[in-house]
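Asks: Chains as they are written, first to last, in the numbering used here: chain B, 5 to 328; chain D, -3 to 535.
There's no promise every hint is true.
Residues from chain D shown here face chain B by an in silico Cβ test under 7 Å; the list is partial [to be verified]: (1) 68; (2) 70; (3) 137; (4) 141; (5) 307; (6) 327; (7) 340; (8) 343; (9) 376.
By construction, these hints were calculated from the structure, which means they are not laboratory data.
Since the model is a prediction, treat every value here as computed from it, not as a measurement.
Every residue, glycine too, gets a C-beta built ideally from N, C-alpha and C.
Spelled out from the first residue to the last, the chains are:
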Amino acid sequence: MNEQFHLLLPSASSLSGRIDALWWTMVLLCSAVAIGVFIVMWVFCIRYRRGRQIDRTLSRGTTPIELTWTLVPLVIFIGVFGWSLFLYAREKNPPADAQTIYVVAKQWMWKVQHPNGTREINQLHVPLDVPIRLTMTSQDVIHSFYVPAFRVKQDVLPGRYTQLWFEATQLGSFPLFCTQYCGLDHSRMGGQVTVMRPEDYARWLRGDGGNATLATRGAALFRSLGCSGCHGANASVHAPDLDGIYGRMVHLSDGSSVIADDVYMRDSILLPDKQVVAGFDPIMPSFQDQVSEDDLLALIAYLKSTRTQPVSATASEITKNGRH
Amino acid sequence: MVAIDADTHLDATPPNFLNQETGLWSWLTTHDHKRIGILYAIGITFFFFLGGAAATLIRLHLITPNGVLLDTETYNKAFTFHGVVMVWFFLIPSIPATLGNFLLPLMIGARDVAFPKLNLASWYLYIIGGLFTICALLMGGVDTGWTFYTPFSTMFSNSNVFLVIVGVFVTGFSTIFTGLNFIVTVHNLRMPGMKWFKLPLFVWAMYAVSIVMVLATPVLAMTLALIGLERGLGVGVFDPALGGDPLLFQHLFWFYSHPAVYIMILPAMGVISEIIPCFAKRDIFGYRFMVYALVAIAVIGFLVWGHHMFVAGMSVYAGLVFSILSFLVAVPSAIKVFNWTATLHKGTISFEAPMLYALGFVGLFMLGGLTGLMLAAPALDVPLHDTYFVIAHFHYVMVGGSVMAYLGGIHYWWPKITGRLYNEALAKFSAILMFCGFNLTFFPQYVLGYEGMPRRYAHYAPQFQVLNVLSSAGASILALSYLLPLAYLGWSLFRGAAAGNNPWNARGLEWQTTSPPPTENFYKPPVVQDAYAYDQPAL
């Protein structure tokens, strides 16, 4: 037998143990039902086989029995549903203090960018016991980011950001797979997630010292792409000031308002006419096809970095014209 | 009885639908629902072995982690072809278009279906759709997976997507026509006295499935047309680069394809509900609950499609709604399993081949259904989604369930359809072999999925090899168990002993006529008797 073969999957994230608890409960429950029905079938088949002398008078009135095996499963199902929902809500809501790492998928590789500018391909290094949020997008088709040991999976779509979070609780390397069929080399689109002690992670990040941080690279792009010409402090064009924009409530010209999150910023760069800030003309050109997915993430990291203190995104902090 | 006796006996029987007209042309222009059922049976048998050949290639390839047989591109095309052929050209037409066509009018005492010419047109559409698909295969195949996920299928795949979607599109209309025909037939052509709650459960299953066919399949047609528009003309519907939304495709596709799962399993439930009472020689337990369960599955089945999309980027709230609805649809399935089991209680049970298939069905369908509960819970679906766990789950339902039921039905009604008996010992042997081979093939895939092996992988990590080898070994047994019936049923067709009108001493109108039935179905009008009146003598 292969020495790498383990019947039990490693449980290496803060939620994997809880998910396993539900999983093994379901395995036991389903096995009990299956074995129970099999035994009853066997017993009936033997007891009531043709040629055997036995009382075969049918009793009347099956409705109480029918109702029992309608309602009992229903109650059990609702219980399982509730338990699963509780876990699903935790899986879907990253803690507020989670560190963000960016992932861009393309046929057939995973490109990872850490906030300090370190990049890697088909590898993801993360610190132990720190909640990590992955903000992911795809350059081409749909992919899916799957780390069995963490029990996490999320499809990665072109044209939007999806999120996934985990907190690794075990040191070591764990396989990473693409689970959404994405063309020819789908089965080769995998890699490793390496969990390191936080101090080792910090050293590992510094080891790649030649890079500017993601935000610094974004700041350079902000100038080179001409964003600062309109959105900069000294600009003559009437455009929203973007300092500290991330996470704030933005009022739009159609009367609605949105929180300025990753998706909002991405859309504002690529599809500027989609959500126009109240009080401004829709004069911004689209940057579609001019900014790569990697550069977009750098720009967003830069815009995030301009936020000086945590904001409570209440409308009262924002003036009527969208500036603050 | 020896074969020669059988032949003389058959010659002595009155003319039947097989010999009243002869020649290829009489078959190709027939309006007889029984002949059309047989035309379908020939078609789906051909496609079953074609899809099975693709499955054989897949299982052979996966014996080693790096693949032994196919290059990656061919592997991707093999699993796509396997899925497309098995879903649309075998499973969906399997029971309704063969057994349903043959039996539905007989069971309600009708002369034919409501629209016999439309019925023949369905078969031609099915064949035309099949030709497009085979054409796509001959021109190099298609590599999108049977699910055609966008934007891969519209903007990235360099294979014959067009031909296949045209093939599936056309075949979809054959499904719609069959559904329409059955609905009208059940409403209008029941013989006097055949009230709704006297209908055999097989007829109820056909009725329920027809409603799903008629309502769901047009959505598939629209979705495929939109793929064609985006791929051919660059109209942005699904690809974000063109302003489209890839999740829209998944919603539309699963709005059809989840009900399609019920198109595959409801008829199987109907077949099993006929076989078990016949070989337990007692009334089906809880007839009305069985009817309500069929209808409930058909209705709720339309509202659960989102459980295919828990990790697709759908909102948490949508996930919540689809999860609870998926648990709800499991309740009527549970009722059915319990009722089949209870039907054995105080029966007089014999174990002929159809009964072995039916008992195998109940076991395998139950395992498939129970693992479906795990997938209905989003917290568990997140790790299990798109792994071999899902592959094992739906093969338990569709192969362990639908295919076992189809073969059980073929064995059960074979004497009625052909007028001949088959080799009972071989039939029993192949039913048991199928059950064992099936479990050896697909049970390891549950474990593989839990271990994290993704589906649609031409290469896999070495730690998955042991289970893959087990699965491939099982597949070889399974293949043998599918070839065996082809041999002994083929032999029976020409050499089998005469069956008589009612060899199983079954109830139901189809057993009151001769075997094979005449073109007009009944020489003398049948007498309506409760379909499961095993406490009374057969009429």
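Asks: Now, for every hint given, state plainly whether the structure supports it.
Replies: The hints, checked one at a time:
{"no.": "1", "hint": "68", "in the structure": "holds (6 Å)"}
{"no.": "2", "hint": "70", "in the structure": "violated (11 Å)"}
{"no.": "3", "hint": "137", "in the structure": "violated (13 Å)"}
{"no.": "4", "hint": "141", "in the structure": "holds (5 Å)"}
{"no.": "5", "hint": "307", "in the structure": "holds (5 Å)"}
{"no.": "6", "hint": "327", "in the structure": "holds (5 Å)"}
{"no.": "7", "hint": "340", "in the structure": "holds (4 Å)"}
{"no.": "8", "hint": "343", "in the structure": "holds (5 Å)"}
{"no.": "9", "hint": "376", "in the structure": "holds (6 Å)"}
The earlier numbered hints that this structure contradicts are 2, 3.
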